[in-house]
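Colleague: Residue numbers (our numbering), protein chains in the order written: chain A, 14 to 300; chain E, 14 to 300.
Hint data in this document are derived by calculation from the structure and do not stem from the laboratory. Check the hints yourself; a few may be wrong.
Label pairs and their calculated CB-CB ranges [unchecked claim]: (1) A:Y17 x E:P206: 32 to 38 Å; (2) E:P70 x A:E138: 30 to 36 Å; (3) E:D99 x A:A19: 33 to 39 Å; (4) A:R213 x E:G283: 42 to 48 Å; (5) A:A142 x E:Q269: 44 to 50 Å; (6) E:D99 x A:A142: 22 to 28 Å.
Here are some chain E residues the structure puts well away from chain A; computed CB gaps all over 10 Å [stated by the list, open to error]: (7) L18; (8) A20; (9) L102; (10) V112; (11) D116; (12) G122; (13) V145; (14) T155; (15) L166; (16) P176; (17) S202; (18) L230; (19) G244; (20) A276; (21) I281.
Think of the CB as a built atom: it goes at the ideal place given N, C-alpha and C, for glycine as much as any other residue.
There are 2 protein chains.
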Amino acid sequence: MDDYLAALDFASTDPRDAADAEGTEGLVDAMRHSLLAGGKRIRPVLCLATAASLGEPAERMLPSAAALELIHTYSLIHDDLPAMDDDDLRRGRPTCHVVYGEDTAILAGDALFAEAVRLVCERQEGGPAVKVRILAELSLATGVTGMVGGQYLDLNDAGRESPEALARVHALKTGRLMAAAVHCGLALSPPAPEVDAAYRAFARELGLLFQIVDDILDVAGTEEDLGKAVGADARRGKVTYVSLHGLAGARALAEQTHGRARALLETIPGDVAELIDITDLVYARDN
Amino acid sequence: MDDYLAALDFASTDPRDAADAEGTEGLVDAMRHSLLAGGKRIRPVLCLATAASLGEPAERMLPSAAALELIHTYSLIHDDLPAMDDDDLRRGRPTCHVVYGEDTAILAGDALFAEAVRLVCERQEGGPAVKVRILAELSLATGVTGMVGGQYLDLNDAGRESPEALARVHALKTGRLMAAAVHCGLALSPPAPEVDAAYRAFARELGLLFQIVDDILDVAGTEEDLGKAVGADARRGKVTYVSLHGLAGARALAEQTHGRARALLETIPGDVAELIDITDLVYARDN
Chain A
14 MDDYLAALDF ASTDPRDAAD AEGTEGLVDA MRHSLLAGGK RIRPVLCLAT AASLGEPAER
74 MLPSAAALEL IHTYSLIHDD LPAMDDDDLR RGRPTCHVVY GEDTAILAGD ALFAEAVRLV
134 CERQEGGPAV KVRILAELSL ATGVTGMVGG QYLDLNDAGR ESPEALARVH ALKTGRLMAA
194 AVHCGLALSP PAPEVDAAYR AFARELGLLF QIVDDILDVA GTEEDLGKAV GADARRGKVT
254 YVSLHGLAGA RALAEQTHGR ARALLETIPG DVAELIDITD LVYARDN
Chain E
14 MDDYLAALDF ASTDPRDAAD AEGTEGLVDA MRHSLLAGGK RIRPVLCLAT AASLGEPAER
74 MLPSAAALEL IHTYSLIHDD LPAMDDDDLR RGRPTCHVVY GEDTAILAGD ALFAEAVRLV
134 CERQEGGPAV KVRILAELSL ATGVTGMVGG QYLDLNDAGR ESPEALARVH ALKTGRLMAA
194 AVHCGLALSP PAPEVDAAYR AFARELGLLF QIVDDILDVA GTEEDLGKAV GADARRGKVT
254 YVSLHGLAGA RALAEQTHGR ARALLETIPG DVAELIDITD LVYARDN
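Bound conformation, chain A alone (with noise of 0.2 Å):
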């Protein structure tokens, strides 16, 4: 997945255009910088294991798997900025802006997601058909019902008050577009409807895991293990499942997650080990 990410150019595809991309390498070197920074590629290995679990080769979802990993980069660039969660740390490395300026990375952030629709309409396999769905996926998962609705939820602690309300916001700003990297997986071969369902239903689970053990990494986890602060979410006086439910609690409420996401994909026919090492994984972060 890295290998593919690191020979994305940005360039343009028509040769007449070549001229034009003069003097934007900058912008470039500032996407490059936040796209290559490491990271767990969760989002693209997730719809690569899906396809694979389908029988489709990881070569035909590469270009909508690096997508995702394009959406979710731009995401943490924006979300890094001064004027939304002010953070300099990230993958272990000075954020975006601060490398490059608060302009060159909003300006970054736009590209990015620019260019993951591009790669999807230029270069995923399968027909139309199939780039619409990716791309009807991608777009509700990232728009006011998605993502961006999410962290706007999330800057304004809008009805942190309950568990019930904290899932949502959870699940706009981190669920959809792991939840989107599932559907995309899907969208090559799609499976009969109660067996989408389960992918489904297993997305959401996996979304839900991953959120809890971030708020319990943010409390017991290590700067060098997050590549970024530890206890920035107690500092901002942001409710988190540990806030809400304690250490234990928070825990509890994991190993519960983790085993309905493993008890979801033993209902689904084919190969699911990919999936499952992807579920163990985001459940042993913090184990």
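Fit chain E to the given chain A structure using the hints.
Modeller: Frame of chain A, contents of chain E only:
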């Protein structure tokens, strides 16, 4: 067009998700504040007029026409941010970040882009191949070799010392999306290659004309005409068509460009009356 834009609610199409949108009303308000502030709607109108010249009824292109305006609005919101051009007034109203804060303004721009993609995926007529053709045009016009790359060059005053470099910045920053409006209008009934080429050449001239007139208005217009502060380019020391060629020189350039655009339209079969009107209107903003 305005009725269609005003009716967009950016809600999920899945009734199960309705509850998730609760609390995002402020984000949607910010999006609508900028989207429904009037403006010339030149991109959607151009898209619809292009489709009309090929015999397509406007209704069939409305979602993509609206998507163009969503993307244009998102770019205005981000360009106006304090970290970018730091503009307080746009389309005669306080800019998005002045009213809703920087964080919400960044997210409103992000969400408008996502919702533009969703609109094409969910509502554009003509089948998946048409949708992909349109999304490919939109993403190419928006990314590194389009609008965002152009804004990056503009902020960094890259190579603005020569007339050619200036033309290149504008080709990316405004020309590409303006041209995409024409290209999207061709998507439902693609014309023969030589006619297609004439449409595309016309689109380039119109984008250029638009920018020259914009530069002229920045020194010769009134704040009432523009809906934004006049003289902003000069205060920022920006190289413009006026600073390079003088006011009379820029006006001569506009006249020549208008002539070339009109001449190209004459080579196109079909009823190009609306396209002629738009071309004259763009030119007449300074006349």
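Colleague: Which of the listed hints are broken here?
Modeller: Of the numbered hints given earlier, those the structure breaks are 6, 11, 12, 13, 14, 15, listed in rising order.
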